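Protein chains: 2
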Amino acid sequence: MPVEIERKFLVTHDAWREGASARRIAQGYLSRDPDRVVRVRLIGDQAFVTIKGRRSGISRAEFEYPVPVIDAEELLKLCLPSVIDKTRHEIEIAGFLWEIDEFHGSNAGLIVAEIELPAEDTPFERPSWLGEEVSSDSRYTNSYLSGSPYSTWAHDA
Amino acid sequence: MPVEIERKFLVTHDAWREGASARRIAQGYLSRDPDRVVRVRLIGDQAFVTIKGRRSGISRAEFEYPVPVIDAEELLKLCLPSVIDKTRHEIEIAGFLWEIDEFHGSNAGLIVAEIELPAEDTPFERPSWLGEEVSSDSRYTNSYLSGSPYSTWAHDA
Chain A
1 MPVEIERKFL VTHDAWREGA SARRIAQGYL SRDPDRVVRV RLIGDQAFVT
51 IKGRRSGISR AEFEYPVPVI DAEELLKLCL PSVIDKTRHE IEIAGFLWEI
101 DEFHGSNAGL IVAEIELPAE DTPFERPSWL GEEVSSDSRY TNSYLSGSPY
151 STWAHDA
Chain B
1 MPVEIERKFL VTHDAWREGA SARRIAQGYL SRDPDRVVRV RLIGDQAFVT
51 IKGRRSGISR AEFEYPVPVI DAEELLKLCL PSVIDKTRHE IEIAGFLWEI
101 DEFHGSNAGL IVAEIELPAE DTPFERPSWL GEEVSSDSRY TNSYLSGSPY
151 STWAHDA
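Sequences listed follow chains A and B, in order. Residue numbers for the first sequence follow the UniProt record's numbering, so the first one is 1 and each next one is one higher. Residue numbers for the second sequence follow the UniProt record's numbering, so the first one is 1 and each next one is one higher.
Bound-form chain A, shown alone (with noise of 0.2 Å):
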């Protein structure tokens, strides 16, 4: 069965942003059950739909399957409000691939980090922007926020 493994943690500052390269990504949610998120992604020319099971600790089952963009176009259409709106920023550290997500639309003003591990507890380097980690606070995930927009969560003056 495949297993992803995500550690996720905010960012302090801008410096990640420097040689970073960026795709503009529209998701939404069929399902935002826990048990059983269905989630339909468009990034740029590809699009997906992408089936997750209960989070187990860091890890969870997840099944992707490509589909046309002609489709995806439609299946946002029967999302869940809202669709999400972010850009996805890459860069390499150390090995590993970091994945930057800045929101915009009613989302605008969060910026999440998140890295892909081979193990629960490998080992890897923390960049000098990398802020409090939030992997097991389930408001960050995408789910989460599609229907809870950070807009109108309660902010810390």
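Mixed in with the good hints there might be a few duds.
[What the hints assert, rightly or not] Lysine to any residue pairs mimicking SDA-like chemistry, simulated, CA-CA at most 20 Å apart: (1) A:Lys77 / B:Pro34; (2) A:Lys8 / A:Ala108; (3) A:Lys77 / B:Thr50; (4) B:Lys77 / A:Ala61; (5) B:Lys77 / A:Arg126; (6) B:Lys77 / A:Tyr65; (7) A:Lys77 / B:Arg60; (8) B:Lys77 / A:Asn142; (9) A:Lys77 / B:Leu117; (10) B:Lys77 / A:Thr152; (11) B:Lys77 / A:Lys8; (12) A:Lys8 / A:Ser56; (13) A:Lys8 / A:Arg126; (14) A:Lys77 / B:Ser56; (15) A:Lys77 / B:Lys8; (16) B:Lys77 / B:Lys8; (17) B:Lys77 / A:Arg60; (18) B:Lys77 / A:Ala108; (19) A:Lys77 / B:Arg32; (20) A:Lys77 / B:Arg54; (21) B:Lys77 / A:Pro34; (22) B:Lys77 / A:Arg54; (23) B:Lys77 / A:Ser148; (24) A:Lys8 / A:Tyr144; (25) A:Lys77 / B:Arg55; (26) B:Lys77 / A:Glu62; (27) A:Lys77 / B:Leu76; (28) A:Lys77 / A:Asn142; (29) A:Lys77 / B:Asp35; (30) B:Lys8 / B:Leu117; (31) A:Lys77 / B:Glu62; (32) B:Lys77 / A:Tyr144; (33) B:Lys8 / B:Tyr65; (34) B:Lys77 / A:Lys77; (35) A:Lys77 / B:Tyr65; (36) A:Lys77 / B:Glu64; (37) A:Lys77 / A:Ser148.
[Claimed, not checked] Restraint ranges, calculated between C-beta atoms of paired labels, are given here: (38) B:Pro68 / A:Gly95: 36 to 44 Å; (39) B:Gly95 / A:Ala108: 55 to 63 Å; (40) B:Asp137 / A:Tyr144: 47 to 55 Å.
Quick caveat, the hints were computed from the structure, so don't treat them as lab data. Note that the structure is predicted; figures quoted are calculated from it, not measured. For every residue, glycine included, the Cβ atom is placed at its ideal position computed from N, Cα and C.
Keeping the supplied structure of chain A fixed, place chain B upon it in accordance with the hints.
Leaving out everything else, chain B in the frame of chain A:
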């Protein structure tokens, strides 16, 4: 956008069994939300993930993607209880294919015949075993039967 037009009927006697081919189907639901149904189906050595929008009359948007059988077996474990177990019998009558679903397990006793048509008003030959039309009765959708099996319905004595 792909649109599926189907009419659905109950079945009054067993004459349809003659000449029909049969395949066992296991199918479950990752979402039973009528606006965005997500179905996993395992049929012999084939498997599919299917996404359906809200029904409008007897039409609805439908997107179907083949997936590996080994994935489908895992995806069925992620589905909402319970997974539907049925035998699909197929028979051609006067140029149209009838699909006759004979349910097992918690839906045993229910047999439903479906015909797919090119338009909502296409005329077709009605076989002698055709009973009441239930195209618009949402209780006869597989997604409803998955959550509220036929054996739990209040039946007339």
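Okay, the hints, checked on the actual structure:
no., hint, verdict
1, A:Lys77 / B:Pro34, "holds (14 Å)"
2, A:Lys8 / A:Ala108, "holds (18 Å)"
3, A:Lys77 / B:Thr50, "holds (16 Å)"
4, B:Lys77 / A:Ala61, "holds (11 Å)"
5, B:Lys77 / A:Arg126, "violated (37 Å)"
6, B:Lys77 / A:Tyr65, "holds (18 Å)"
7, A:Lys77 / B:Arg60, "holds (14 Å)"
8, B:Lys77 / A:Asn142, "violated (23 Å)"
9, A:Lys77 / B:Leu117, "violated (26 Å)"
10, B:Lys77 / A:Thr152, "violated (35 Å)"
11, B:Lys77 / A:Lys8, "violated (27 Å)"
12, A:Lys8 / A:Ser56, "holds (15 Å)"
13, A:Lys8 / A:Arg126, "holds (12 Å)"
14, A:Lys77 / B:Ser56, "holds (15 Å)"
15, A:Lys77 / B:Lys8, "violated (27 Å)"
16, B:Lys77 / B:Lys8, "violated (28 Å)"
17, B:Lys77 / A:Arg60, "holds (14 Å)"
18, B:Lys77 / A:Ala108, "violated (36 Å)"
19, A:Lys77 / B:Arg32, "holds (17 Å)"
20, A:Lys77 / B:Arg54, "holds (11 Å)"
21, B:Lys77 / A:Pro34, "holds (14 Å)"
22, B:Lys77 / A:Arg54, "holds (11 Å)"
23, B:Lys77 / A:Ser148, "violated (28 Å)"
24, A:Lys8 / A:Tyr144, "holds (15 Å)"
25, A:Lys77 / B:Arg55, "holds (15 Å)"
26, B:Lys77 / A:Glu62, "holds (13 Å)"
27, A:Lys77 / B:Leu76, "violated (25 Å)"
28, A:Lys77 / A:Asn142, "holds (17 Å)"
29, A:Lys77 / B:Asp35, "holds (10 Å)"
30, B:Lys8 / B:Leu117, "holds (11 Å)"
31, A:Lys77 / B:Glu62, "holds (13 Å)"
32, B:Lys77 / A:Tyr144, "violated (23 Å)"
33, B:Lys8 / B:Tyr65, "violated (24 Å)"
34, B:Lys77 / A:Lys77, "violated (27 Å)"
35, A:Lys77 / B:Tyr65, "holds (18 Å)"
36, A:Lys77 / B:Glu64, "holds (16 Å)"
37, A:Lys77 / A:Ser148, "holds (18 Å)"
38, B:Pro68 / A:Gly95: 36 to 44 Å, "violated (31 Å)"
39, B:Gly95 / A:Ala108: 55 to 63 Å, "holds (57 Å)"
40, B:Asp137 / A:Tyr144: 47 to 55 Å, "violated (36 Å)"
In the structure shown, a violation is registered for the earlier hints numbered 5, 8, 9, 10, 11, 15, 16, 18, 23, 27, 32, 33, 34, 38 and 40, in ascending order.
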